[in-house]
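Undergrad: For reference, the chains in residue letters:
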Amino acid sequence: MAVPLSSPSGPESVGRSVPRRDGRAKVTGCARYTDDLVIPGAWYGRTVRSTVPRGRLARLTQDPAFDWSQVVVVTAEDIPGDNVVQLIRDDQPVLVERDIRHREEPIALLAAADRETLEAAVAHVSIEYERHPPVLDLADATGEHARLSIDKGDVDAALAAADIVVERTFRVGHQEQLYIEPQGAIAVPRDDGGVTIHGSLQCPYYVHRAVVRALALSEAQVVVIPAEVGGAFGGKEEYPSLVAIHAALLAIKAQRPVRLIYDRHEDIAATTKRHPGIIRHRTGVRRDGTLLAQDIEFTLDGGAYCTLSPVVLSRGAIHAAGPYACPNVRITGRALATNTPPNGAFRGFGAPQSQFASELMVEHVAEALGLSSVDLRRKWMLQVGDTTATGQRLTESVGTGLVLDAALANTPPGTDPTSPSLRHGRGMALVYHGSGFTGSGENDLSSRVALECTSEGTFRVLTAQTEIGQGTNTILAQIAADELGVSWEDVTVVVPDTSVVPNSGPTVASRTVMIVGGLVAQAAAELRTRLATERPPLRAEKVYRQPSWIHWDDASYRGDAYPAYAFACVVADVAVDMDTGEARITNLIAALDPGYAIHPTMAEGQVEGGVLQGIGWATLEEVKMDDGAYLNDRLATYIIPTALDAPPITTVLVDNPYSGGPFGAKGIGEIPMDCPAPAIVAAIHDATGVWLDELPATPEKILEALGA
Amino acid sequence: MITFTVNGNAVTVDASGARRLLDVLREDLGMTGTKEGCGEGECGACSVLIDSAVVNACLVAVGQVEGAEVLTVEGLERDGELAPLQRAFIDHGAAQCGICTPGMLLAAHALLARTPNPTAHDVRIAIAGNLCRCTGYTKIIEAILACRIRAT
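Chains A and B are the protein sequences, given in the same order.
Residues 1 to 708, numbered by our numbering, are exactly what the first sequence covers, in order.
Residues 1001 to 1152, numbered by our numbering, are exactly what the second sequence covers, in order.
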């Protein structure tokens, strides 16, 4: 066989928008999502959930008049292993044993051969509770999931010396990920006594580890295979572990495959949301605008269980000062416990919450000083050589000025008022977002990838990165192909089946391109060299280590938080109807520094989609609660933007290579979510003269602020 | 027994007329290209055409389609060739996770059949019943507009 080493068989693919790998399957309806999988003999599963926010399970009764011989029932006592959903802290049970800490908490699992029998069985289960008073408001919360503090310089002295101290408190609410494909898993018993999971998930090895532990199986007895995933956005980072364990428990007890597919109502009612939060800022400046001190209290509502709250808090807090160079910074972060359903991962992971506040603070300080907020950003923004709040000295690829200039250069002239009741305004935001896990996280993960050259001369990329729509299967092939010097069409990215692929870590944290893509590039470079002297089949494996210059201290929260940061600047135009209070986003410019865009069309797609999620969070998406339950737990009442709500979005990508990323690339999956909300609130102020401190900016809140 | 046409082929199903067209397509006929996103007519992932009109298959009882022509995403290809809309969705990056794509394609197909040269605003109205959480709709609208001339 001949591997074309010196003469690549096609033009280089990196930097070109090649057709996405899964495109044909997705436009023809052939792509198989979890609920599309046909598994002969599979039963249907359902979860029985708590209807009180806090209390004790007094009694679970199966109506003796019902024929239970056709139904499998699983309760906590059927769990062979630990009754724990493996993640950060061992506080969340797979099924309630005694204590109930939130509404919709799983208590029992049922499965039957057909949906009618299953529904009838569910109706014949009754649960009695001993009800305890719940903590539902963040202001009343005392239990703590996590706390941290970041200290730089002497904040108290700097605030005392400041000409002006501006103080403001901001509030942000829940947000549902609202992937269009609900959660689901299908568990299939294996001959070795284990179980194979097919599911909608973004972290196959998280699910693997969780199922191994709860079912007391060996690693070899559990195989996790993601189906096509119909959107995730962080919502399928930790929750699928619970769905998979439940499906596996039913399948093992029933000794047959079980499908556990949530409907939309169950998905919204029970699964994790973006953390609500309260962010208090005190910023001290000199009269000339010199930034002296930032004192920030960042408090998140973690809900009933810890889930990922410590790391959401961490990322949010690290980004809480915004992309600005300030000599004195104090950030105090706390994630508190309430008796509401647990909150978890959602694109941005705390940074949208904290940078909503930090960007509006720029506006408030500018207003207090009578300066332009654009000029103030230019004065404050991080440059090469500056240090961040954690004391990280930035040495390259700092794109603040590039994205700010690009956004302004592409901003159209302002719109004249079209009617007395319609006011137009414009607002800006400048944000940053670290790529990969925080601090020592990537070293702890020690991600592994493999690249194989088959005896037929084709190449296989093996990673645990999961295609969730973001383009992993295309981009990793492009990176490998260009490093190998072959056509990208000769490179296959294999399905991340845990029995086949090494553990390259979760598909989260804007890490797939920069961290895992970087490893794939290293493996490809090795294979290319070896192919000059060795015959296939060949396999190269790489293990991730942080660059040697990275130093991070978990105890003091000091050091190099991320190897690199993406930067973005948006300019949002709004039209506010002064009679109804409705704010429409009429245009949005997003300039983004991805380092280098491996696939420009997909990079733009990440920006456009993330920006619209940010617009939804800023204007439409409001979770209303009653007695610990989400009131708007259906798609008819939880409103996300339609094509008519979406503004024209113009994306400008600027090159600003990072030397440690493959082809200069950094991570951009999350940063688009960070920027729209503060820009929109600033635009509403520009249009109306009133400041909102709370999201979402609904017509009701705008009218209230206007004093209408 | 209920008889109707799916993608040009006559089918007869032995099903209660009260069952959802969505379930009959997916389970009885094995055509899983039509997706369920909410089950209450809000998301449009299950959009199909019945006698050229866009409907949510989760809200249609199969008894209602007796004698009708149903078009699903599986019927857009012709002799193994992608339809121009399908090609445009790939070329413009209009499909990300892809779960809304079948319904989106059918809403667009219906639009172009009745309005061969739509404006961007026409496109937004036509797909307003189809939710997408990945794309911000930008590239979907571009892809549909790119099919204007070919559709005339």
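Don't read these hints as lab results, they were simulated from the structure.
Since the structure is predicted, the reported quantities are computational estimates derived from the model, not experimental observations.
Note that the Cβ used here is the ideal one computed from N, Cα and C, for glycine as well.
Check the hints yourself; a few may be wrong.
[Stated by the list, open to error] Derived, one-sided and incomplete: chain A residues facing chain B with beta-carbon distance under 8 Å:
no. : residue
1   : E167
2   : N503
3   : T642
4   : L644
Undergrad: Under the criterion of a CB-CB separation shorter than 8 Å, is E167 (chain A) in contact with chain B as hinted?
TA: violated (35 Å)
Undergrad: Using the nearest Cβ pair, does L644 (chain A) come within less than 8 Å of chain B?
TA: holds (5 Å)
Undergrad: Is the interface hint for N503 (chain A) satisfied, with its Cβ closer than 8 Å to some Cβ of chain B?
TA: At 23 Å from the nearest chain B Cβ, N503 (chain A) fails the 8 Å test, so the hint is violated.
Undergrad: Using the nearest Cβ pair, does T642 (chain A) come within less than 8 Å of chain B?
TA: Where the cut-off is 8 Å and the nearest Cβ of chain B is about 5 Å from T642 (chain A), the hint holds.
The structure shown violates the earlier hints numbered 1, 2.
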